[in-house]
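Colleague: Residue strings, one per chain:
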Amino acid sequence: MSAGMEFVLLTFMGLPLLMVLLNNLLKKEIAQKICLSLGIIAGIVQMAAAVFVFASLKAAGQTEADFSQFWDLGVGASRFSVDFFSLLVLFCIGMVITAGFLTAGKTLGDKKFNFTNLAMILLLGMNGIALVTDLFSLYVFLEITGVASFVMISLNKEGDGIEGAFKYLVMSAIATVFILGGLAFLFMQSGSLQYGDVAAALSDWQYAEQPALLIAGFVLVLVGFSIKSGVMPFHGWLPDAYQSAPAAVSVILGGIVTKMAGVYALLRLTADIFVNVPVFNQILMLLAIVSIVLGAVAAITQTDFKRILAYSSISQIGYILLGASCGSAVGLIGAMLHFFNHATFKTTLFVNSAAVEIATGTTEIEKLGGLQEKMPVTGVSSILAFLSTAGIPPLAGFWSKLLIIIAAWQTGNVFIAGLALFASIFTAAYFLRLQRCVFFGPAVEGLEDTKEVTGGVCLSSLALSAITVGFGLLFPALLLFLQGQGLI
Amino acid sequence: MGAMFGNMAAFMTGGSGVNLLWLMVVLPVALAVLAVAIPRHAFAARSACFLAATLADLLLAIALFIAKEGSMLLRWTDFEINLAFRVDPFSGAVLLALGIFAVLVAIYSVAFLRRKEKYGQFYCYYLLTLAMANGAVLADNLVVLLFFWEGLMVTLFGMLLIGDRQKPATAVKALVLNGIADLLLMLGVAATAAHAGTFMMEGISQLPIEGLGVLGFVCMMAGAVGKAGAMPFHSWIPDAADAAPLPFMAILPAAFEKILGIYLLVRITFQFYQMVPGSVMSIVVMAIGAITIVLANSMALIQKDIKRLLSYSTISQVGYMILGIGTALPVGIIGGLFHLINHVMYKCCLFLTAGSVEKQTGSTDMRYISGLGKLMPVTTVCFLTAALSISGVPPFSGFFSKELVFDAALESGMIFYIAAVLGAFLTAASFLKLGHAAYFGPLRLPEGVKTEDVKEVPGAMLLPMGILALGCLIFGVFNALPLSVIQPIAGEGYDFSGWPDNWTLVAISCAVLLLAVGNHLFGYRRTGEGLKAADHIRYAPALRTVYDCAEKRYFDPYDIIMQLIKGFAWICYGIDRAINWVYDVFAVDFVSGLSSRLRLMNNGSVGRYMAWSFLGVGFIVLLCLFLV
Amino acid sequence: MTTFIIVLCLVVMVGFAISAAMLRSMLKSAVSLAAMSAALAVILYMMGAIWAALFELSVCVGLITVVFISAISLTTPDRRDEAHAADHRRRFAALPFILIALGAAIIAVLVYTGFSLPLPGEEAVAEATFNQVFWQTRQADILGQILMLLAGAFAVVVLFKEGKKI
Amino acid sequence: MEGQGLLLACIFTPLAGAFLLPIFGRIHVGLRNIMSLLFVLTAFLCSAMLLSPALSQGPVSVYWQLPLGLSIGFLADALAVFMAATSSLVASIIVFYSFGYIERYKNQNEYYLMVTLFLGAMMGLVFSTNLICIYMFWEISAICCWRLIGFYREEPVVRRANKAFMVTVGGALLMLVGFIGIYGETGTFDLLQMQGQTVANWVMVLILFGILSKSATLPLHTWLPDAGVAPSPVTSLLHAAVLVKIGVYVFARLFLVNFQLEAIWETVVPWIAAVSALVSAGAALVENDIKRIIAYSTISQLAFILLGLSTGTMIGAAGGLLYILMHSLAKGGLFLCAGIVEHSVHTKDIRQMGGLAKRLPVTAVSFLFCAFSVMGIPPFGGFFAKFMVIDSALVGGTPLLAGTYIFGAALTVVYLLRVFVKVFLGDATHTDVKEGTWEMVGSVAILGVLSLLGGIFINLPTQLTSFIVENLGRW
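One line per chain: the protein sequences are S, W, G and X, in this order. Just so you know, we're using my numbering here: the first sequence kicks off at 1 and counts up by one. Just so you know, we're using my numbering here: the second sequence kicks off at 1 and counts up by one. Just so you know, we're using my numbering here: the third sequence kicks off at 1 and counts up by one. Just so you know, we're using my numbering here: the fourth sequence kicks off at 1 and counts up by one.
Honestly, the hints are just simulated from the structure, not real lab data. Every residue, glycine too, gets a C-beta built ideally from N, C-alpha and C. Treat the hints with caution; some may be incorrect.
Below are the SDA-like pairs computed for lysine to any residue, each with C-alpha atoms no more than 20 Å apart in a straight line [what the hints assert, rightly or not]: (1) W/Lys167 <-> X/Gly403; (2) X/Lys358 <-> W/Gln121; (3) W/Lys359 <-> W/Lys566; (4) W/Lys566 <-> X/Asp349.
Label pairs and their in silico Cβ distance ranges [as the list claims (entries may be wrong)]: (5) X/Phe12 <-> W/Val585: 57 to 65 Å; (6) X/Gly58 <-> S/Val51: 39 to 47 Å; (7) X/Leu55 <-> W/Glu202: 48 to 56 Å; (8) X/Gln352 <-> W/Leu443: 19 to 27 Å; (9) W/Ala42 <-> X/Leu55: 29 to 37 Å.
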């Protein structure tokens with residue numbers, strides 16, 4: 001591993017810490033002014049770092065690299081490690097955090113300073129989840145992300161802010177209990193919580209002395225992470241949390257936090273640990289298909305912009321989990337790509353909802369109408385994001401959904417693949433309703449003077465739409481690259 | 001356009017017989033375009049061009065009639081559907097007839113339309129109709145026949161619209177009825193081609209009528225009968241009599257459509273299919289003929305307007321031709337064809353006389369005009385010869401052709417002979433009424449028309465009437481001349497010229513004529529008016545209700561068809577709205593109902609979320625027990 | 001010597017547990033809860049279960065405490081009047097004595113039936129020294145602990161800035 | 001190489017050029033109009049120039065193999081060139097027409113963007129040889145159709161646009177499941193590699209859903225009449241000439257050129273189409289909105305095309321293809337005439353119109369020409385197509401089937417005549433009415449004359465259709 005890469009790897013955890021220190025040590029007035037720009041710098045540097053490490057890994061021909069944050073470790077220690085998947089995720093985190101900070105510019109009045117602190121902690125927590133290779137450390141960083149996001153949701157503390165945060169807190173506490181219970185059982189079986197060791201221990205789990213305990217462990221872990229990722233039966237808290245969070249926070253929350261805390265962990269589990277535990281995958285697939293269909297159906301009659309996006313997230317997370325639970329390489333790649341795409345277009349949609357909230361003061365779609373003329377950039381980016389979510393071809397969402405469906409088809413569950421694909425008709429349904437009520441329909445009398453929201457919000461929605469369209473058009477090149485890497 | 005002119009140039013230099021065929025169709029079309037191109041006010045130039053076109057067509061027809069043989073083939077599509085023309089003795093004769101009548105009516109219509117404003121359009125449609133008719137007769141490929149056959153509908157629609165654009169009902173009626181007949185013909189053509197295996201007409205001969213052949217025969221026969229104007233496709237002709245300009249009535253319903261319809265009927269029954277005398281199919285055809293004779297004639301009897309009476313009698317005379325051909329006996333076919341030629345002559349003449357009456361008095365309604373004999377002597381003479389000929393009075397042509405049909409009908413079945421004789425009686429009675437009321441009763445003119453300006457029509461109108469009247473006489477006395485042309489069509493060695501040899505038939509028909517005269521005198525003495533001579537039949541106890549219903553159009557097939565179509569349309573509209581309801585109302589409610597039930601799942605209380613989570617865990621544990 | 005430390009920690013643990021139950025202010029009881037878990041962690045360490053001690057330390061002292069603090073801060077404290085506070089103390093006044101009596105009774109029964117506390121086995125200690133486990137194997141968790149405390153600090157700063165009475 | 005340049009130009013000039021139009025629009029409105037027409041005309045010229053290589057030596061093709069059975073491939077064989085030329089010809093006339101029609105309305109930039117993008121998608125779909133590429137262009141056309149139907153932005157209009165999008169995308173998703181079913185069996189999406197294989201029945205059912213939803217056949221047809229709320233050039237372009245032909249073209253491309261079908265489908269599909277023809281013809285007779293009538297008529301005529309293509313006879317296939325050409329021209333003309341009438345009389349209800357022939361002579365004559373061509377009356381082009389299709393119904397199917405379609409044809413005569421008479425004849429209701437701009441009248445006249453010439457010079461288009469049918473290698 002070249003020295004340069006060594007240093008860059010450290011920045012993932014080091015830089016946000018530096019930003020926090022910087023933010024708090026500077027004088028109050030200076031801090032107030034520059035705190036948002038600090039956040040943007042952190043996000044952009046992280047994106048650059050991810051790309052740099054990706055390039056150097058590809059150049060060196062390695063697929064992963066281990067490193068320790070402070071000093072070198074003995075054997076069997078819980079170290080950080082980086083591979084293509086986690087780099088992709090780190091890039092997404094950087095992207096969403098930058099978008100979050102760009103939208104924060106206009107939405108958070110005097111709360112910018114606290115927002116920056118908490119966001120940096122959140123960034124650290126998420127980076128930790130991406131980098132860690134030990135189940136218990138994963139749990140620790142999970143908790144850090146959880147706490148940071150509770151507090152951010154209740155940043156502006158008027159009525160529903162607290163209520164949403166409280167629900168998220170209670171459900172996360174339950175999830176914590178489940179995860180810890182599950183870890184304990186796994187720890188009993190494998191003696192160590194390293195991904196590799198646990199996977200080895202579970203290879204012949206049917207013949208272990210107490211298979212019942214192991215099954216209980218699987219179930220607990222699965223349920224814990226399902227609650228964190230908002231899969232259908234456990235999704236209660238998600239819509240309330242997204243709706244009550246302030247605009248910038250909901251951008252970060254919807255864009256990446258739930259996915260990191262729940263979905264990425266599940267992907268890691270299915271990819272690394274529960275590879276040869278078919279029970280886990282089958283149940284996960286069932287949960288996935290349920291949340292795809294019911295998430296989309298539930299979104300159809302919502303009346304609040306952000307609440308629709310919340311249910312849409314549940315549905316799209318279902319697709320990611322469906323891809324992961326197929327167990328085939330194509331499925332995992334499809335899930336990863338859909339993770340990235342979902343991060344992109346969901347953030348675009350949340351940024352749009354923020355823009356609408358800034359311009360009109362409300363996210364109630366019944367009160368809005370005909371904003372396409374007055375807010376062209378928001379309108380066009382919301383259309384692109386909607387088409388990508390519904391999986392309409394030229395855009396990115398289609399390709400990743402196609403890979404997932406092909407993987408599901410190849411691994412034999414034909415009916416579920418067909419149902420999942422047809423479920424995107426419900427996605428189209430609620431987004432068409434959204435478009436009709438907010439952008440495409442006739443103008444509403446009270447909104448004549450609304451103007452387009454300029455500055456950070458506009459910039460981020462344009463950039464994210466460009467990524468969605470670019471990814472969609474350049475997908476063949478990506479396919480060839482993956483074939484080069486021998487992954488397909 | 002390049003390909004078309006290229007072909008034409010190539011054929012101009014080709015064999016003599018070949019380019020004539022192509023010219024028969026292209027020349028009238030070219031001159032029709034020219035006629036419209038000439039500026040509106042140059043009436044003389046347009047009429048000259050118009051007449052020249054008809055004359056040229058006549059000359060070409062004569063040339064082809066003499067040439068006897070000739071064919072032409074041009075590529076259209078690859079499935080044997082090619083532009084193929086062929087002339088043989090039969091189609092040569094028909095072409096000649098078309099040409100003659102076209103010229104006569106052309107001369108008449110030039111005079112008739114002098115001050116009408118849309119005469120240019122009339123000329124164009126007239127020539128296009130001529131071209132289409134030539135094309136249909138010359139066609140040697142079933143699809144080409146269909147092409148020109150349906151093309152006539154366009155010009156028919158156009159001509160009917162010239163009359164009165166405000167009341168398009170007649171044009172619609174004509175197009176719908178002809179449309180249905182032509183679509184049946186299309187089905188028949190497809191079935192015949194499938195049955196025979198080829199579209200080329202000379203490749204199809206004596207097909208057995210079973211399986212697909214039945215469908216083919218019935219549908220093509222329906223198409224031919226529809227064009228000829230027999231039941232059940234007849235009801236547009238009487239309405240057209242009021243709407244369209246009169247020369248239209250003389251040329252299309254009276255001449256061209258009859259000729260084409262019967263030409264195709266003969267082709268079907270005689271060449272394409274093997275219709276055995278006495279078989280089911282021949283009985284069906286004869287039945288259609290008989291019904292048409294009786295019903296149309298009885299309607300003709302009660303008409304008050306000259307043109308309507310003539311159009312009903314036209315429909316009835318077609319019945320004779322169909323009856324004759326339906327017998328599938330040589331005498332019947334020759335009789336039918338001879339009757340066709342005679343009928344076209346005297347019907348054209350009758351329409352032209354009605355035209356001259358209309359030109360002078362402005363109306364053809366017998367309730368307002370009568371006793372014109374003294375004012376229009378030549379017209380009256382022409383009317384008289386044509387009326388006698390149509391009634392079947394011996395020296396005239398009508399008598400001889402009717403005798404042949406009577407002979408064939410008697411041979412095929414008594415019921416058909418009785419129908420034919422009843423028809424003869426009714427025809428004679430209606431023309432006696434017409435003659436007496438219009439020409440020989442006391443002089444009466446519609447108000448505003450003074451006697452001095454009702455004088456004889458100009459020479460140009462009288463000439464065609466005179467020629468036709470003379471023709472009726474000549475073809476009667478020297479009937480060997482037309483028969484020599486017709487007889488070879490039915491096969492060798494038949495000679496029915498001269499006086500009919502079956503004396504009993506002649507006696508019966510003379511008796512029927514006398515009976516008709518007696519009935520007319522009885523009616524006249526009873527009512528004192530020529531017009532009401534037939535009222536005793538009109539208001540006879542049983543017939544009164546039937547006649548009233550017919551007056552109010554209950555039996556009009558067009559109205560029946562339109563009612564059926566309207567009913568069917570409303571059923572379909574109901575189905576369509578039901579399917580639309582499924583999309584707009586049912587699907588939306590179902591999904592939003594499901595969705596709002598899901599919304600209840602998280603109504604904000606944390607307890608409910610926890611309950612759902614634990615429920616989920618329980619479900620997963622159950623699943624595990626089941627799966628592992 | 002070790003048994004003395006263990007007994008001392010047990011007493012400390014029970015004391016803090018009772019105070020956590022008794023204290024009226026939520027935040028103080030949360031702190032005492034943390035202290036109790038710390039005592040428990042020491043006991044575990046003394047008895048040789050190093051990993052358990054470490055997990056107990058990082059989970060209970062770090063995470064649970066921070067979670068409780070932020071939870072408490074989220075819920076608006078209900079300001080009941082002093083009278084209620086008085087009868088609260090009166091009703092629970094007897095609790096400590098009952099507990100002590102119950103504890104003594106249980107010990108007596110155990111001693112009577114000849115139950116003896118298992119002494120820490122030597123080999124447990126040799127497995128891995130605490131610092132090696134703490135600093136090497138669980139290094140990621142240290143970073144986690146630091147971040148957790150930072151998150152707790154910021155949570156307190158954000159949620160209590162308006163001087164809400166603890 | 002020159003051929004491939006043409007092929008790519010034919011597809012990508014409209015596709016890429018469409019996005020430049022809003023920029024041109026801001027510079028100068030005329031420039032945008034001309035550029036939009038230019039892009040569409042280049043598509044037409046390129047496809048016309050591709051005709052000779054397609055007919056003579058090997059067809060031009062571009063191919064880029066990708067993993068997972070995907071590939072980006074375009075092949076300009078005779079069928080594709082025929083469809084491309086037809087749709088781009090009619091599209092260019094319609095774009096020319098919309099210069100006059102659209103200038104009075106807001107958001108014109110989006111209109112021209114979407115129309116040009118739509119044509120680009122049509123070109124792409126027609127030439128592509130990979131199932132996923134076909135699906136991609138299929139969906140792009142669905143997006144353009146959604147935006148164009150919702151052009152007027154009123155509440156009911158947008159609701160209908162959403163309905164159209166939902167039905168077509170729903171059908172397309174089922175079709176995509178069918179495509180993946182094919183992928184499951186053959187392991188590739190590339191049509192060229194799957195030449196001549198048979199398709200499982202359930203896959204056929206799913207694909208049929210997509211085809212029936214796009215070319216509006218009975219159970220999935222209600223979006224087409226509802227889309228009558230769109231501006232006339234849109235209804236003409238989408239619902240008469242080009243969009244609805246996509247479904248029928250894909251049926252031809254998949255089940256005539258590429259795959260084998262079980263015999264059962266040669267009776268099932270014609271009968272589905274027969275029911276659709278009759279029901280929509282009946283509904284057209286009852287409707288009173290001029291655009292809805294013509295839309296129902298489109299559904300009915302599409303059933304004829306589907307009949308031709310699905311009876312599995314040579315004459316039927318050639319007739320179906322010819323019908324596509326003739327119907328595009330004639331029905332496009334009818335919708336444009338309806339546009340002129342609606343523009344001058346400001347109502348769509350035919351009961352309030354009458355006697356417009358005097359005021360709108362060219363429109364009346366063009367309407368009559370196009371109506372006759374749709375009715376299948378010679379000497380207009382529609383006659384040959386209708387005859388060949390009905391002959392195939394008789395030869396390939398049963399006489400009862402042919403009889404049903406004859407009844408359908410009779411209904412067509414009745415309802416089109418009813419519209420013509422109610423709108424153009426009878427006593428004049430609107431006297432102070434002037435005919436639309438010269439672009440509108442010009443394009444309508446062109447379409448009327450083309451319908452007439454299509455009949456007279458029938459040997460030109462039939463050369464192409466029979467060439468296509470011959471080297472299908474099926475009969």
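Colleague: Each of the hints needs a verdict: does it hold here or not?
Modeller: Outcome of the hint check:
| no. | hint | verdict |
| --- | --- | --- |
| 1 | W/Lys167 <-> X/Gly403 | violated, 32 Å |
| 2 | X/Lys358 <-> W/Gln121 | holds, 15 Å |
| 3 | W/Lys359 <-> W/Lys566 | violated, 40 Å |
| 4 | W/Lys566 <-> X/Asp349 | holds, 19 Å |
| 5 | X/Phe12 <-> W/Val585: 57 to 65 Å | violated, 43 Å |
| 6 | X/Gly58 <-> S/Val51: 39 to 47 Å | holds, 45 Å |
| 7 | X/Leu55 <-> W/Glu202: 48 to 56 Å | violated, 33 Å |
| 8 | X/Gln352 <-> W/Leu443: 19 to 27 Å | violated, 50 Å |
| 9 | W/Ala42 <-> X/Leu55: 29 to 37 Å | violated, 48 Å |
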